[in-house]
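Asker: Sequence:
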Amino acid sequence: MKTREVKIINQGLEDEMEVWGFRPCLWKRVLVGVGAVCSGGLLLLLLYWLPEWGVKGTCTHSSLRDAHTLLLRTTDEFKQWFRAKVHVMSAPGKKPFDCLDLQTTTQLPNGDGDHGVGAVREEHHGTFRQLHQIHYFTHHSTKYFWNEMIQNFEIYKGLEDVEVSCASIHSDHSPGLSKTLQDYRRLFFGENEIAVRVPSLFKLLIKEVLNPFYIFQLFSVILWSAEDYYYYATAIVFMSTISIATSLYTIKKQYVMLHDMVAAHSVVRVSVSRGSKDVEQAMSTELVPGDVIIIPTNGMVMPCDAVLVHGTCIVNESMLTGESVPVTKTSLPSSGEEAARSFNTEEHKRYTLFCGTHVIQTRFYAGELVEAVVVRTGFSTEKGQLVRSILHPKPTDFKLYHDAYLFLLCLVGVAGIGFIYTIILSIMNKVPTKTIIIESLDIITITVPPALPAAMTAGIVYAQRRLKRVGIFCISPQRINVCGQLNLVCFDKTGTLTEDGLDMWGVQTAEGGRFSPPEADAAKESLVNSEFVACMATCHSLTKIEGELSGDPLDLKMFSATGWILEEPTEEETALHNPIMPTVVRPPKQSLPEADPNNPLTHNMSCEIGIVRQFPFSSTLQRMSVVIRRLGEKHMNAYLKGAPEVVASLCKPHTVPQSFTETLETYTRQGFRVIALAHRQLESKLSWHKVQSLSRDLIETNMEFLGLIIMQNKIKEETAGVLLELRQANIRTLMVTGDNMLTAISVARDCGMVRAHEKVIIADAVPPKDFHPASITWHYTENPAQTNTDNETVEVNLEHGVHDKSVTQQEPSYHFAVTGRAFAVITEYFPHLVQKLALRAIVFARMAPDQKTQLVEVLQSIDYMVGMCGDGANDCGALKRAHSGISLSELEASVASPFTSTTSNISCVPILIREGRAALITSFCVFKFMALYSIIQYLSVTLLYSILSNLGDFQFLFIDIAIILIIAFTMSLNPAWKELVWHRPPSSLISGRLLCSVLSQILTCLVFQVLAFLLVRQQSWYETWTPQSDACNVSSSSLSHSRNATSPHDHKNIKNYENTTLFYVSSFQYLAVAIIFSKGKPFRQPSYKNWPFMLSCISLYTFILLIMLYPVPAIDSFLEILILDIILRRLDFRCDQAVTRPTEPLSADAPQEVNDRWGSSFISWLFCRRNKPPRACYMHLALELLDNADWPPRPSTVTYASNLPSHISDPL
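Residue numbers for the sequence shown follow the numbering used here, beginning at 1 and rising by one.
Keep in mind the hints are simulated off the structure, nothing from the lab. Take the hints with a grain of salt, since some may be wrong.
Calculated pairs, DSS-like style, for lysine-lysine (alpha carbon to alpha carbon, straight line, at most 27 Å) [to be verified]:
no., residue 1, residue 2
1, LYS56, LYS94
2, LYS252, LYS880
3, LYS95, LYS143
4, LYS468, LYS978
5, LYS253, LYS207
Let's have the full structure, built from the sequences with the hints guiding it.
Answerer: Next up, the structure:
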């Protein structure tokens, strides 16, 4: 057999997929057509639900190159299938960036691309010499084009596809594109528009109605109508209509909101450069990668991703990052080492203007425009990818939903048994064929409750409303259940655990290689005219917006500490000067000291300083710098600000004080945030224009160390209490920050993340160098509260259900701390240590944004359920990747995070986990209740089928509407328990305690229904129903009279003793099961506090008892039940008391706890599971490390990387 060709597209990316090629097959299509007719269209529905069957059933395999239809399957854990149609377009080149012989071209094909395979464009007047046919398909708003070289489909994202260097963007792309070349590229990239098409209500309706659940509902309604159960069928149609209408409204509203979010920049008018300084107006939809657009002075909302090649922009990126502080974007380097690198939007984002962000202001040269080269358009932009992830989200991976489908399959299996039983019984009793078909199919409809999906989501909806009341907003409601399973939460530090703003503690200048004593006031007279204060006043990204200083909070605090004044040029001032008119800073006049000839810091220094160029802060480089010029001086100066370790490495060694390391450690151990400053005088030959093209690598070298700024970052009041609450709930916490390592450890100790008796081991890893392998040095930090010995341990129960609960595990009292640099080295050279470190690490410092995301993935790989809490600035990737991301930003960037809190502290985390646990337990309760409801009704109907009877139409109606719907929706109203408990709720329906709980209730209900069914048949006044007899006339006062004289016959055999008995018994059983399964603490408030539920139960109990003991003829006639003899009523009452006796405690916690405790123990004993190792990887790893005498490594030892397992050297 020929091997079927399968290729991988988007290899290594999040949306990686396998792809197969197919061509239509005539005989298969004919067979499918015949099958569709014979099945009444059901086959077509099945092929619609299962795309892989639809393609394989109508097509044959072919090569990808010749395929007409493609079958796609994601390679992630969901294994989703998609089908795509291959289109063909004609173009003068094969790739968007091919060079064209434009002189031979007068007209381009329209390139709409919507052609069948093999379609060839008709001859155009003045077309290209040769047109190429290009195969492509569209999937999730992305076009994939066939590449002959690699024999696979690929995506064209933009200018990055050709790996163009930064320098070549200036030289080759800054002139702009001709109109013809623009039209050619548009064939591949399409219109520059993030098109969120709002589907019509009709399309949404068809898609919703074709859901398998609603098809099953339609089948049920048709079946019930055939049985003349019109009332119940009408009720189900009414319920389904409301459900569909609600769903359509929600989906339509989401589409409209998303459409409005992107509409602001979807279609705007832009100025496009066509070379030779020709500028024309065009619509933004016409832009393609390579176009050059002009950024207007008053700013704009960016319609694409573009890189600045001339000028400077101040941009509000809150839409993407959640950071409300405007950022400064400078022009892409055109020379130097950085200019030689290939352009990448992630690496060069400080030069890139992203789609959807708002350019507030521009800075420019007189006579020169602020220009940007378009690099990405449409859905390829950062905003487009974000919108695409919202339009096409991944399914929620949660075990509950997977188990729910398995449980439903079990119910279908039970229905199958009933189906066969009904057919056999009916044939034996010579029932008509039509009745056999209807009744056997009816048993299937009973086992799948019609209200199950609505009831399952009720708990989540209620939890979402409760979260909204406390200021937590959710854009992914299904994640609420996932929050109930979190057992690890990562926290950002600044703005999350600590206050967002920093307080100036003091400064410490350095002169002649020595530190001066610390100064509390940077604005004091002796420092005003110093290089140190000049650096503080100029090395920032502050700008004035509507007369107010705006920028990074740290920069604002630092600048305000100097007392200086910032002045920006107006448009008129800029236009009057050939050189750029810089931002100017100067001290207030009253602060200017007299020039002191003996003080070298103030001698011959002008106080007014112009900022000529900025190199913005880079979280990767951990520094920023500026080039300045003092008024009246010919040469320029460079000032640098950043992480102390980075700044010291860029300074001349003799200018860095020898006590630098000790001084830095002194401050960081106390939790201070320390920033270092440096200075350098540039060559006098440098001109204004030349500085604008210099790379920052040439500027940021051979600096002179100026000193340290010490800032205090106070811990928020709520932080320590919340972390203690999480630890007491067995939820692990760790810190992921971009700050200094020792500062982070100090904050971790101060807030209680690291306890007093616990050691912190710093894993300092360095990459291989000069034939030396990569190594890790293990440093033990000083413990401020050192107690006992190094081998001190504390008793910790790893997790319930691991081993025997009476056995506690010994957990060593140590933690690891890792820097971003060390994390990268360990990940590459020590992969076998990554999981061990992740298990006990508590501080990750100097972490870049992508490393935060990588860390979340590592933690998930060892089976942690990871939550991430951050301020949304550099945490977007981690917030999206975590099982549950909680953003403390109120801005539009919250679209990247499932949850957003309006409270700017971490108190929202335990609230969210409590609500998640409550919602999860509610889902379990409702599912078990609905499953028992279907089983109880199944038992009743099966018993009644044995005497050729059934429940009446209004009996079904009363049970499903008055009992089930009211109870299912009110039992979900229990609020969350007031505190977090040690253990988590179960995540699986297929577990010992839950199965035992359900099975025990099924057996109890079965026993009492069979008992009641048999007992009523043994009574002396019992009469077997026949079509000629009518038990409805029987009463306690007329047993001896004629029973059939005037009443019509009951041909459906509804009004009989068995029916009435089972109706009463089952009604009480529904209520009993509801109370038993309505679990309260430790995850929800007790049921007696849920007054709607209690009121519903008491009302229903009262009503059923009343109509049973004190019959009301109108109600009995409506429900088609008998007015029974008092003896039978007493019998019923005794039976029902026995059924409902376990439910006397209305909170139902006692019987549920008995089920949980004894059921779990019994199942564990039955399947010999008591001594099995834990299934979670992190628990298994923890048990291994407890028995490892060589872990953790000893103080000051070094671990070297090698091909063999790493070995640990002797102490240094």
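Asker: Indicate, hint by hint, whether the structure satisfies it.
Answerer: Verification of the supplied hints:
1. LYS56 - LYS94: violated (31 Å)
2. LYS252 - LYS880: At roughly 24 Å apart (the allowed maximum being 27 Å), LYS880 and LYS252 satisfy the hint.
3. LYS95 - LYS143: holds (13 Å)
4. LYS468 - LYS978: Status holds; Cα separation ~17 Å.
5. LYS253 - LYS207: Satisfied, since the Cα-Cα distance of roughly 16 Å is no more than 27 Å.
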